[in-house]
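Chains R and L are the protein sequences, given in the same order. Here the first sequence is numbered in our numbering, starting from 1 and rising by one per residue. Here the second sequence is numbered in our numbering, starting from 1 and rising by one per residue.
Be a bit skeptical, because a hint or two may be false.
For each label pair, taking beta carbons as the anchor points, the in silico distance ranges come out as [to be verified]: (1) R:Gly16 with L:Gln82: 45 to 55 Å; (2) L:Pro83 with R:Thr72: 20 to 30 Å; (3) L:Ser20 with R:Lys58: 20 to 30 Å; (4) L:Val96 with R:Gly16: 36 to 46 Å; (5) R:Lys110 with L:Pro83: 41 to 51 Å.
If you are wondering where the hints come from, they were derived from the structure by calculation, not from laboratory data. Everything numeric in this text was worked out from a predicted model, so none of it was measured. Note that beta-carbon positions come from the ideal geometry of N, C-alpha and C, so glycine has one too.
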Amino acid sequence: AQSVTQLGSHVSVSEGALVLLRCNYSSSVPPYLFWYVQYPNQGLQLLLKYTTGATLVKGINGFEAEFKKSETSFHLTKPSAHMSDAAEYFCAGMNYGGSQGNLIFGKGTKLSVKP
Amino acid sequence: DTEVTQTPKHLVMGMTNKKSLKCEQHMGHRAMYWYKQKAKKPPELMFVYSYEKLSINESVPSRFSPECPNSSLLNLHLHALQPEDSALYLCASSPVASGDYNEQFFGPGTRLTVL
């Protein structure tokens, strides 16, 4: 069985500072991995995904994530935070072989950006 | 058209009411999903439809009844709900339910309040 763990339920950074949101997965095989963002009272928007191939994945809004198999991690980063980045971020995984599209979500990390 | 639409945006209903949530996508996706999201929690999968057939029911109470009339539409019929069913209900779609092309696109959600 696969699980996804997000370290830190709340991260606060200053505007212009580095954003680092941590995600670790537990799986016997490398899974598909995703980062979603959710603004208040809205649905989830896909930031980026890792399926196969390049381990450094670039997404929208300047975010990127690196898949590290040796560390079973998929941390999300952005060099310079903007006020508009304040939102809830979810890391999610999915096993190969298509578990009928079942996304396994982490518990989420709320990002606050201070002016 | 690259979006998933959901109606209504907000819904307030009594415990004896019957109501329906609607979801629509025109991306040619053949998998559609219903999720329930409580405040400050990740989405929880309720149902998966693959090629208009129900493929996953995550032990959801029978007061929730999904329906997939065609490949573009997904309904969730509600009857005799309880106050604890109040939540954000998210619809999602993906090209298929498994394999590489499994990125899920989420709608904005319906905020349901049961009185």
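Results of checking the hints against the structure:
1. For the hinted restraint 45 to 55 Å between R:Gly16 and L:Gln82, the CB-CB distance of approximately 46 Å keeps it satisfied.
2. At roughly 40 Å, the beta-carbon separation of L:Pro83 and R:Thr72 lies outside the given 20 to 30 Å, and the hint is violated.
3. A beta carbon spacing of about 40 Å between L:Ser20 and R:Lys58 contradicts the range 20 to 30 Å that was offered as a hint.
4. Checked against the hint of 36 to 46 Å, the pair L:Val96 and R:Gly16 passes, with Cβ atoms roughly 41 Å apart.
5. Hint check: R:Lys110 to L:Pro83, Cβ distance near 25 Å, so the stated range 41 to 51 Å is violated.
The structure fails to meet hints 2, 3, 5 from the earlier list, while all remaining hints are met.
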